[in-house]
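S.K.: Each chain, written out:
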Amino acid sequence: MNSSGFMLLAAQEHGLLHNVWIYIAIMALVTYLIRMLPLTLLRKEIKNRILKSFLYYVPYVTLSVMTFPAILHATQSIYSGAAGFFTALLLAYKKQSLPVVAVFSCLVVFLLELVI
Amino acid sequence: MVGLKRPDITQGYFYGSHITKDHGRNGGMRGIKPAGQEEPQQKTRPDTRRYQFKEGLRDGMPIALGYLAVSFTLGIQAKEAGMGIWEATVMSLVNLTSAGEFAALTIISTASSYLEMAISQLVINLRYMLMSFALSQKVAPELSVPHRMGMAFGVTDEIFGISVGREGKLDPFYNYGAMSVAVPGWTIGTLLGVVMGNVLPDSVVSALSLALYGMFLAIIIPKSGEDKHVLVAVIVAMTASWLCSRLPVLRDISAGTRIIALTVVIAFLAAVAFPVGEEEEAHHEQ
Chain B
1 MNSSGFMLLA AQEHGLLHNV WIYIAIMALV TYLIRMLPLT LLRKEIKNRI LKSFLYYVPY
61 VTLSVMTFPA ILHATQSIYS GAAGFFTALL LAYKKQSLPV VAVFSCLVVF LLELVI
Chain X
1001 MVGLKRPDIT QGYFYGSHIT KDHGRNGGMR GIKPAGQEEP QQKTRPDTRR YQFKEGLRDG
1061 MPIALGYLAV SFTLGIQAKE AGMGIWEATV MSLVNLTSAG EFAALTIIST ASSYLEMAIS
1121 QLVINLRYML MSFALSQKVA PELSVPHRMG MAFGVTDEIF GISVGREGKL DPFYNYGAMS
1181 VAVPGWTIGT LLGVVMGNVL PDSVVSALSL ALYGMFLAII IPKSGEDKHV LVAVIVAMTA
1241 SWLCSRLPVL RDISAGTRII ALTVVIAFLA AVAFPVGEEE EAHHEQ
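Protein chains in written order, with this note's numbering: chain B, 1 to 116; chain X, 1001 to 1286.
Simulated from the structure, these hints should not be mistaken for laboratory data. Treat the hints with caution; some may be incorrect.
Pairwise CB distance ranges, derived in the manner of DEER restraints [what the hints assert, rightly or not]:
hint	chain 1	residue 1	chain 2	residue 2	range
1	B	49	X	1250	39 to 47 Å
2	B	94	X	1085	40 to 48 Å
3	X	1196	B	49	47 to 55 Å
4	B	49	X	1086	46 to 54 Å
5	X	1050	B	78	37 to 45 Å
6	B	90	X	1110	21 to 29 Å
7	B	43	X	1272	38 to 46 Å
8	X	1231	B	49	18 to 26 Å
9	X	1273	B	22	19 to 27 Å
10	X	1195	B	51	26 to 34 Å
11	B	46	X	1114	31 to 39 Å
12	X	1110	B	44	40 to 48 Å
Partial pick of chain X residues on the chain B-facing surface, computed with a CB cut under 7 Å [as the list claims (entries may be wrong)]:
hint	residue
13	1085
14	1086
15	1087
16	1134
17	1145
18	1149
19	1150
20	1161
21	1221
22	1222
23	1234
24	1245
25	1249
26	1253
Note that the Cβ used here is the ideal one computed from N, Cα and C, for glycine as well.
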């Protein structure tokens, strides 16, 4: 039996113990509070230079960590992933807009995967 | 292509020449503005709201497309985990988090405790707290609580990504615009995944999966070209991320934890090594 089949069986056995809607409510509440509290409670501009710089770098570092190496494994083959990666790098370097970069790198992946 | 048009000043989007500059197009990074040079009235004009909403809508389109593909696969897995159509669809509608929801499927299908569910979401989604902190500095200080609470719902990696790319202060209507396509994209994708299963050809799903990352790069790279310190941080971050996914022990750390840990450490080191000063901001303005 594969793992998903096993999980399904487990869910059926324990189905009465936990309500799926309560699970969903809990995760929604936790996730929303995480997103909402800093944005709502922090009304002033931060003066501390290190903290300010930290928050300045956070987005670029996070997006970098999330993009690489995940982009190489996002598609069916590492080659099409790499091709999409370099296409996006090049277009972004040429300062193309968000949709242009996204659409053309997807297109490169699609066309390349027709061939390989 | 729809929505790629440059703003036409004659169409009445603008009240004054002070906002006719590039509004975050072409990747959007034009450096941080020194305090006091923001357009104070920008968000109170109804036409500006509409303009911001449209901009958000336009930038949100590729996000919605990517979400559709990702949540489609989420829907397929939700069905396998024993969730019904409405359970899976509502889960996506009220959560809007890929990593968190994928983890939740395991928890639900193995009937783990509610506490475990809460903790897993807290850890996996902790990066949203960092993003929310960063956004609190990006919106106007006088922005009302309801708007802050409204924007907060849409703090995802991708919407955050395009939000930080905006020039000047962030207008909540830009986020609402992006959310108005991204949320349905995420929700409907999940619904379709549960209902249709493997109808979409693999090649299309595969190509669409790259859209999100392409957008991330469209945010990171132009800024790296302008600010050498960001470039260093980006290269270090990508290298470290790659190493962490490869090295023994480190590669067993979950992706969510890895993202938080590396972000905190590298952004802190960058802040200490290259603090953002007033002169630098003025310089980057050029």
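S.K.: Next, verify each hint and record whether it holds.
M.R.: Each hint tested on the structure:
no.	hint	in the structure
1	49/B - 1250/X: 39 to 47 Å	32 Å, violated
2	94/B - 1085/X: 40 to 48 Å	43 Å, holds
3	1196/X - 49/B: 47 to 55 Å	52 Å, holds
4	49/B - 1086/X: 46 to 54 Å	50 Å, holds
5	1050/X - 78/B: 37 to 45 Å	44 Å, holds
6	90/B - 1110/X: 21 to 29 Å	44 Å, violated
7	43/B - 1272/X: 38 to 46 Å	26 Å, violated
8	1231/X - 49/B: 18 to 26 Å	21 Å, holds
9	1273/X - 22/B: 19 to 27 Å	46 Å, violated
10	1195/X - 51/B: 26 to 34 Å	47 Å, violated
11	46/B - 1114/X: 31 to 39 Å	35 Å, holds
12	1110/X - 44/B: 40 to 48 Å	44 Å, holds
13	1085	12 Å, violated
14	1086	10 Å, violated
15	1087	5 Å, holds
16	1134	5 Å, holds
17	1145	6 Å, holds
18	1149	6 Å, holds
19	1150	10 Å, violated
20	1161	6 Å, holds
21	1221	4 Å, holds
22	1222	5 Å, holds
23	1234	5 Å, holds
24	1245	6 Å, holds
25	1249	17 Å, violated
26	1253	12 Å, violated
Comparing the model with each earlier hint shows violations of hints 1, 6, 7, 9, 10, 13, 14, 19, 25 and 26; every other hint is respected.
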